[in-house]
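Please construct the entire structure, taking both the sequences and the accompanying hints into account.
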Amino acid sequence: MFNKRILIKIFIIILAIFAALEAAGYYIGRRSISKAGITTEGKYNKISSEALMARNSILRQKLKNLTPDKIYIVIDTGMNRLYLKKGNMVIHEAVVSSGSGNILKDPTGNRQWVFDTPTGEYTVKSKSIAPAWTKPDWAFIEEGEEIPKDPSKRVEKGVLGEYALGFGNGYFIHGTLYTRMLGRNVSHGCIRVGDKDLKTVFTAAAIGTRIYIF
Amino acid sequence: MIIILRLIFFLIALIAVPSFADNDKEIHIRETRILEEELKISRKPDIYFIFNLKEKMIYIRARGVSLKEMQIKESGCWGKPVPVNTYQVIKKSAFVEPERELIKPGESKKNENYKVDAFELTDMPSRYTLVLENGIVIYVKPSSEGIVSGITNVSYSSVILLTRPVLILWNMLKGNPYTAIDIVLSENDARAIYWSLTEKSNTIIYTP
Numbered sequence: 001m002f003n004k005r006i007l008i009k010i011f012i013i014i015l016a017i018f019a020a021l022e023a024a025g026y027y028i029g030r031r032s033i034s035k036a037g038i039t040t041e042g043k044y045n046k047i048s049s050e051a052l053m054a055r056n057s058i059l060r061q062k063l064k065n066l067t068p069d070k071i072y073i074v075i076d077t078g079m080n081r082l083y084l085k086k087g088n089m090v091i092h093e094a095v096v097s098s099g100s101g102n103i104l105k106d107p108t109g110n111r112q113w114v115f116d117t118p119t120g121e122y123t124v125k126s127k128s129i130a131p132a133w134t135k136p137d138w139a140f141i142e143e144g145e146e147i148p149k150d151p152s153k154r155v156e157k158g159v160l161g162e163y164a165l166g167f168g169n170g171y172f173i174h175g176t177l178y179t180r181m182l183g184r185n186v187s188h189g190c191i192r193v194g195d196k197d198l199k200t201v202f203t204a205a206a207i208g209t210r211i212y213i214f
Numbered sequence: 001m002i003i004i005l006r007l008i009f010f011l012i013a014l015i016a017v018p019s020f021a022d023n024d025k026e027i028h029i030r031e032t033r034i035l036e037e038e039l040k041i042s043r044k045p046d047i048y049f050i051f052n053l054k055e056k057m058i059y060i061r062a063r064g065v066s067l068k069e070m071q072i073k074e075s076g077c078w079g080k081p082v083p084v085n086t087y088q089v090i091k092k093s094a095f096v097e098p099e100r101e102l103i104k105p106g107e108s109k110k111n112e113n114y115k116v117d118a119f120e121l122t123d124m125p126s127r128y129t130l131v132l133e134n135g136i137v138i139y140v141k142p143s144s145e146g147i148v149s150g151i152t153n154v155s156y157s158s159v160i161l162l163t164r165p166v167l168i169l170w171n172m173l174k175g176n177p178y179t180a181i182d183i184v185l186s187e188n189d190a191r192a193i194y195w196s197l198t199e200k201s202n203t204i205i206y207t208p
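Those protein sequence lines, which keep their order, are chains Y and C.
So for the first sequence, our numbering puts the first residue at 1; every next one is plus one.
So for the second sequence, our numbering puts the first residue at 1; every next one is plus one.
What the hints contain is simulated information worked out from the structure, not anything from laboratory work.
Keep in mind that the hints are not guaranteed to be accurate.
[Said to hold, decoys possible] Each computed DSSO-like pair below joins lysine-lysine, with the alpha-carbon atoms no more than 27 Å apart: (1) C/K91 - Y/K105; (2) C/K104 - Y/K149; (3) Y/K64 - C/K54; (4) Y/K70 - C/K40; (5) Y/K86 - C/K68; (6) Y/K85 - C/K40; (7) C/K104 - Y/K153; (8) Y/K43 - C/K40; (9) C/K56 - Y/K62; (10) Y/K64 - C/K200; (11) Y/K46 - C/K40; (12) C/K68 - C/K44; (13) Y/K196 - C/K68; (14) C/K44 - Y/K85; (15) C/K92 - C/K56; (16) Y/K64 - C/K40; (17) C/K44 - Y/K62; (18) C/K25 - Y/K43; (19) Y/K70 - C/K68.
See below:
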């Protein structure tokens, strides 16, 4: 009976301490944020609101000027969509296949490849019709084949479709034989596009056309 | 009586006008800071994220070009105010993190029914935590759609409500900066952020 009473008392004390801590934490947490509006950046305090507004519109214009005035390409690797855009307008939309994100390890060495599509801003660096694919080492390793010493044995025709747009580091926007996989992340990092859409993108894009990938 | 009323209105105006003006100036200063920060990070070719809690929007951008815009359904902030700045993502963590498949060499040739097990958007979690520089932690969760996600959200909120005040107190006593930001998004948008945002991604946070 005595022990039970003590236990209840200890429990109540612990509960009270926890409640007090909760209340203090809650008060501090909420109070700090409500004071957020009061803090101002020192160097701007002497500038008038009108001058700040003028400065902001200049900065906004500078940012706006960064948007290409010509056609550009946006690729959403999560949704597997390619958008051909001019300004804020979408001119053409295509279902694509981007990087699978899978990992390949070289069983004979320390090399490893992660098949992600790179993100960020790129430009079209090359345009080719009826491109041939020069198979890199990983393509042989993935298929369990020996890596050839003769470079001519690496060249494979017809697998990249009718056109290819290179955007650096061996990455391309190209055609595919696996059209039923469009809309899924199955490539080795390149962007696979269906024949009809590829022709539209190839015709619209020039060397230097910007590509934004996310 | 009228004179007294006029005097009261005059006093209210005296107090109110500078405070509105200060508030306006504060908004302009914060806008200047956001634009300056964005111009700074848009010099690099990487994608970056703007969490605009004031407008309840998240923007994925590169070089100032808006690539995707997402609506924040609900948001809330706790702890130290966040100055407008660029913050790098240190870590993203989820209860169940998606795993990448390891390709077995030669498997695609041996097996005729070989299927590519892709690492896709639908594999991404919609409930996760983003740890940023300066003690900023963003808690992302999906909006409640159906009984299961509703119950999960209520349980999650209860745990947060119990642990967060203690965390705030603990960090304050240790002298560590700590700001918790709660964001509720649609399930797809939550997954899209997890997909696109990587460790070391740059973010700009604009709190209300």
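Y/K86 and C/K68 were given as a pair; does the straight-line alpha-carbon distance stay at or below 27 Å? Holds - the C-alpha atoms of C/K68 and Y/K86 are around 15 Å apart, at most 27 Å.
Between Y/K85 and C/K40, does the CA-CA distance stay at or below 27 Å? The hint holds at about 25 Å.
Within a Cα-Cα threshold of 27 Å, do Y/K64 and C/K54 meet the stated pairing? Within the cut-off at roughly 21 Å; holds.
Sort out whether C/K44 lies within 27 Å of C/K68, counting only the CA atoms. The given pair, whose Cα atoms are some 18 Å apart, holds under the 27 Å limit.
C/K92 paired with C/K56 [C-alpha distance capped at 27 Å]: 21 Å, holds
Y/K64 paired with C/K200 [C-alpha distance capped at 27 Å]: Since the Cα atoms of Y/K64 and C/K200 sit roughly 25 Å apart, the hinted pair holds (cutoff 27 Å).
Quick one, are C/K44 and Y/K85 close enough, alpha carbons at most 27 Å? Holds, at roughly 21 Å.
Need the status of pair C/K104, Y/K149: alpha-carbon distance at most 27 Å? Within the cut-off at roughly 23 Å; holds.
Verify the proposed pairing of C/K56 with Y/K62, using a straight-line Cα cut of 27 Å. At roughly 24 Å apart (the allowed maximum being 27 Å), Y/K62 and C/K56 satisfy the hint.
Regarding the pair Y/K196 and C/K68, is the alpha-carbon distance no greater than 27 Å? 25 Å, holds
Taken at face value, is the distance from the CA of C/K40 to the CA of Y/K70 at most 27 Å? 23 Å, holds
Holds or violated: C/K91 with Y/K105, Cα cutoff 27 Å? Given that 27 Å is the threshold and the Cα spacing comes to 25 Å, the pair holds.
Of the numbered hints given earlier, the model fails none.
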